[in-house]
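**Student:** Below, each chain spelled out in residue letters.
Number of protein chains: 2
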Amino acid sequence: MPLILVCYINAYAQTNIENDNRHQEMMNIILQKPKTDIKTIGVLVYDGFNNLDAMGPFQILKQMSGAKTFLIAKNRGLVKNNSGVSIQVDTTTSEVDNLDIIVIPGGALETLLLTKDTLILNWIKLIDKKSKYTTSVCTGAWILGATGLLKNKSATTNWYRANEMLALYGANFKEDRWVKDGKYWTSAGVTAGMDMSLAIIDDLMGRQYTEAIMLDLEYNPKPPYIAGTPKTTDPLVADMMKEMYDMVMLPMIKKEKLRLINK
Amino acid sequence: MPLILVCYINAYAQTNIENDNRHQEMMNIILQKPKTDIKTIGVLVYDGFNNLDAMGPFQILKQMSGAKTFLIAKNRGLVKNNSGVSIQVDTTTSEVDNLDIIVIPGGALETLLLTKDTLILNWIKLIDKKSKYTTSVCTGAWILGATGLLKNKSATTNWYRANEMLALYGANFKEDRWVKDGKYWTSAGVTAGMDMSLAIIDDLMGRQYTEAIMLDLEYNPKPPYIAGTPKTTDPLVADMMKEMYDMVMLPMIKKEKLRLINK
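Top to bottom, those sequences are chains D and V. Per the numbering used here, residue 32 is the first one in the first sequence, and the count goes up by one each step. Per the numbering used here, residue 32 is the first one in the second sequence, and the count goes up by one each step.
Because the hints were derived from the structure by calculation, they are not lab data. Any given hint could be a false lead.
Copies of the same chain are indistinguishable here, so a pair counts whether it falls within one copy or spans any two.
As the list claims (entries may be wrong) - Here are the simulated DSS-like pairs of lysine-lysine, each with C-alpha atoms no more than 27 Å apart in a straight line:
#1 184 x 156
#2 99 x 273
#3 253 x 66
#4 64 x 253
#5 205 x 253
#6 182 x 163
#7 99 x 214
#8 163 x 273
#9 253 x 214
#10 253 x 211
#11 253 x 184
#12 184 x 294
#13 111 x 99
#14 64 x 273
#15 64 x 147
#16 64 x 105
#17 253 x 163
#18 111 x 286
#19 211 x 262
#20 273 x 253
#21 288 x 99
#22 262 x 105
#23 211 x 184
From just these sequences and the hints, can you work out the full model?
**Tutor:** Here you go:
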């Protein structure tokens, strides 16, 4: 929308919109002020981040009129996501001390590693001091939890050992697509980040602006089956997926639990 | 899934699975043969491609057991998508003459430019000779249409001037989330590419495998409003979006129409 929006505003600035109520109404939607001023939106990325965890929210939040949306990583250069695709990042955490919206995407083993990365955890706490929305997608809530910021807060995360993982960080798991507790917004796994991002747009800009973005994404989902949560998935398949994740993640989760208990 | 899958298979190869019917059933899901053999899946990208058009299908199709999924562009190096994010591409069209599945994502002006790019159109026709699935997402159908391959076929595309654009290439617009006509699969705008990709997985691997991927993506969408199509969107918003796109796209579409009529 941004480029198109600029063209639209320029074109109508040159017409006599006072005589055209319908176009005036359209301009009101586009040019309305958000509930709170949003100038900067940063999505934290790291090797192994889940591609859609980051790219869904990125594409949606980028449509916030008047805001700059960018990727942030520890180091400048290419960051490789869990799909094996490398993405160029031009902004480092050391260059940013202020964001209106921060988004922390999830992943698997690399996400667990980040829960012990003091530099990243301190940076998130720094950003959180002034942020208007502190958010996570999927297992990104584990990183956010590890900062201590979710303590005694309601939150959600990826379905995998969700309750157990959030309890580890003192958060109260709520089984919803996304959960809002004050300025802390957390979403369930991967695709839930898109629903949370649309809800943030809705919170800031209201229904018409949100519907504009939904149409831009033709977001009228038609999943092939009623599934996508442990409860709605074929029990054999749900168990298989949990066992698969356990095989990769559980040894490190057990170590992390011991570490936190002994802390 | 692939990495996790390998761990799972290795771990269970070392256990006595014959005594464990449940794990044997899980292995049957994972190791089943697809309806037709899929070894290579290529997603074409170009400057200005719509990020989610490509990345949704990429992440989903990458879960096809036994297949290699990769990005392909005219030139090696960074390709910048419509979100302003640059993505590293390591495979060029000149290096690939065979794909089991080809995915053509959409975009805006740059997509229209590609409909006149003989090198790309000829490459798609070459790939189509041996492909098992020739697919497009969103306005990617304009590129596929420009090759002539959609002539007299049922197809869909982004909602924006959908019928008119497909008619330009002799295709019959069908207003569905995705449309299958023989091996030609086309999806509606942006997020519809994910539903089409899951449908392709379902076609190849069946329900249990598809539900596994849906759980991996926690794909149980909850849009904030019933919207996302021109018919379900607030009429003022739908008109505004169409006018916005017209302002950017219509001059070039009109030129293209004249060119095709005079051809």
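**Student:** Is it within a copy, between copies, both, or neither that the alpha carbon of residue 205 lies no farther than 27 Å from that of residue 253?
**Tutor:** both (25 Å within a copy, 16 Å between copies)
**Student:** At most 27 Å between alpha carbons: which applies to residue 184 and residue 294, within, between, both or neither?
**Tutor:** within (21 Å within a copy, 65 Å between copies)
**Student:** With 27 Å as the alpha-carbon cut-off, assign the pair residue 184 and residue 156 to within, between, both or neither.
**Tutor:** within (16 Å within a copy, 55 Å between copies)
**Student:** Please work out whether the CA atoms of residue 64 and residue 253 approach to 27 Å or closer within one copy, between two copies, in both situations, or in neither?
**Tutor:** Intra 33 Å, inter 26 Å, cutoff 27 Å: inter-copy only.
**Student:** Within a copy, between copies, both or neither: which one fits residue 253 and residue 214 at a CA-CA cutoff of 27 Å?
**Tutor:** between (31 Å within a copy, 21 Å between copies)
**Student:** Quick one: residue 111 to residue 286, C-alpha cut-off 27 Å, is that within a copy, between copies, both, or neither?
**Tutor:** within (26 Å within a copy, 40 Å between copies)
**Student:** How would you label the pair residue 163, residue 273 (within, between, both, or neither) given a Cα cut-off of 27 Å?
**Tutor:** neither (35 Å within a copy, 32 Å between copies)
**Student:** For residue 182 and residue 163, with the copy left unspecified, which applies at a CA distance of at most 27 Å: within, between, both, or neither?
**Tutor:** within (18 Å within a copy, 51 Å between copies)
**Student:** Between copies, within a copy, both or neither: which fits residue 64 and residue 105 at Cα up to 27 Å?
**Tutor:** Intra 33 Å, inter 42 Å, cutoff 27 Å: neither.
**Student:** When no copy is specified for residue 288 and residue 99, does a C-alpha distance of 27 Å or less occur within a copy, between copies, both, or neither?
**Tutor:** Classified as neither; 38 Å inside a copy, 36 Å across copies.
**Student:** Given a CA cutoff of 27 Å, do residue 99 and residue 273 count as a within-copy pair, a between-copy pair, both, or neither?
**Tutor:** between (38 Å within a copy, 24 Å between copies)
**Student:** Classify it for me, residue 64 with residue 147: is the Cα-Cα distance of at most 27 Å met within a copy, between copies, both or neither?
**Tutor:** neither (39 Å within a copy, 41 Å between copies)
When each numbered hint is compared with the structure, violations occur for hints 8, 15, 16, 21, 22.
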